[in-house]
Amino acid sequence: MGSSIVQAIIDGVLTGGVYALMAAGLTLIFGVMDIINVAQGIFVILGAYLSYSLSVHAGIDPFLGLLITIPALFVVGIGVEWGFMRRLKEGDRTAMSILVTYAVSIVIEGVLNISFTVNYVQIHAWYVNRSVHLLGFYLPYIYVFGFVMAAVLLIALYALLYRTRFGASVRASLQDRTAARLVGIDVRRVSTISFGIGVAVTAAGGMVFGATNAFNASTSYDLISRLLAIVILGGLGSMGGALVAAVFMLVLEDVVAVAWSPIWATAVFFAALVVVLSIRPAGLFGRQVARAQ
Amino acid sequence: MTSPSAERPGQSRAASGVLLSLDGVVAGYGGGDVLKGVTFDVHEGGITCIVGPNGAGKSTLLAAVSGILRPRLGSISFRGENLVGSSPRAILGRGIVQVPQNHSLFREMSVRENVEMGAFLVRDRRVVAERLEHITSLFPIVAQRARDKAGSLSGGQQRLVEFARCLMLDPALVVLDEPSMGLDPKTLRSMFETVRLMHADGRTILLVEQNARAGLRLATHGVVLENGRVRLTGTGREVLEHPEIGALYLGGAVAPEPARS
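Going down the list, the protein sequences come from chains A and B. Per the numbering used here, the first sequence runs over residues 1 to 293. Per the numbering used here, the second sequence runs over residues 1001 to 1261.
Treat the hints with care, since some could be wrong.
[To be verified] A few chain A residues that face chain B, going by a derived Cβ cut-off under 8 Å, partial list only:
#1 T164
#2 A168
#3 D176
#4 T178
#5 S278
#6 R280
[What the hints assert, rightly or not] Where chain A lies over chain B, by a calculated footprint (3+ residues, C-beta under 8 Å):
#7 1082 to 1095
#8 1103 to 1109
#9 1130 to 1143
Hints listed in this document are in silico derivations from the structure and should not be mistaken for laboratory results. Computed from a predicted model, the values in this text were never measured in an experiment. Cβ atoms here follow ideal geometry from the backbone N, Cα and C, with glycine treated the same way.
All chains, full assembly: derive it from the sequences and hints.
And the structure:
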């Protein structure tokens, strides 16, 4: 029992890293633009299908394929921002963004259902069903590779935000859009690129998700509810919060599944959200005051 | 000389020429014109203080100068070049910076980072470093609290850091929108002292001030705005001592003093 719980914790941390990456994109978009991107779930699935197609039809390794799918999703994100998001008025942007991104999500879901049917598929590669045996625990290669990739991309994202001029302009826009404009930051451009980046990371998350789960377009609903729970738990707009919350939630879920029953795992996931929010209404790392916008 | 790429911050400028000129500016927010033909000049090297009752159009005027609001009619020229239609960013690039009424620091960033953000448009790191050094000498708080989050400072301290930040662009014209807002009397004095310091450092200042008496005392030029029109212009002292103005605005609504004759 003890070792199976440790195994569950290891699994939770490894998959939590990948969820952290997907959630980081979602929270970045909210932080900069006050937009709740409900389409993040379907973008993950779109990324998974892209990797799947490249692997099945062109024989491209899913990790190598990220060189194509990440830029592709970045372009999709830019397109959605340009086509819809920037047309939302500042005052009621958050509420409207939920409706608009939901609509975008439904359209993409329809296109995916037509293109790939509703049959479940899964991404295959040599490392998907193999594990490395370490100190008595089994570490599936795909979890390890996925975790390392997520860590590398999160570090890259951190470096972009905290070590570059563009990153400074993103952080400034995240904290106060008006003040950012006053120092000469082109907030609109920053928003577009941030949206692109927030969506682009789903390509990487989607690839690992699609290799560890059988999926179809409707899987996006389960995904988005988890991702939203993670970013709300972490505190909307907080990257570090998303990271901690993702690992916490996935570990919790895996431990409950082993120690208690898989049936309760998902329920506990959302119960944890309710409990934390009743103590800290702005989430673990959220600003405890209302946004001053 | 005073563009953001200028090498040396803060040299004193001649107190004669016209830096900014408004001519017949008509502007508003859709619900009718707030400014109904505003004409006045801001003289280089001076402190121009705009006073007037609430709703006179003071904030609208500043929005038009900084490019946030495009005037419907009239012209705004800076060193003889038309500004109407330029983006806020382009206007900033010409050396007109604005410190808004509400606190505008990036709360989660350190004081030093905040000040450095003021030079966002300046790409030459050497220039940024030089200016930072100069500004730190003017505003000791920038060095003392360099690593503290801006959100942890008091209201008055935040105001000073905002001033420091706006100087990082080596602006020709500093526009201050009611800097005394929300400050206690003691902090207020040191804030006005700092405005004087910025002026001594060679900046032309355009100030909107609710605290009309303090603002006009500080100013070389005064502009009284009323109902979207300029009611009176003159030196700060002239406006301050004008009988009607004194009774209307400076005595306050509580106990208007009888006009001196």
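Query raised in the report: What are the numbers of the hints the structure violates, in ascending order?
Result: As far as the earlier hints go, 1, 5, 6 and 9 are violated by this structure, in ascending order.
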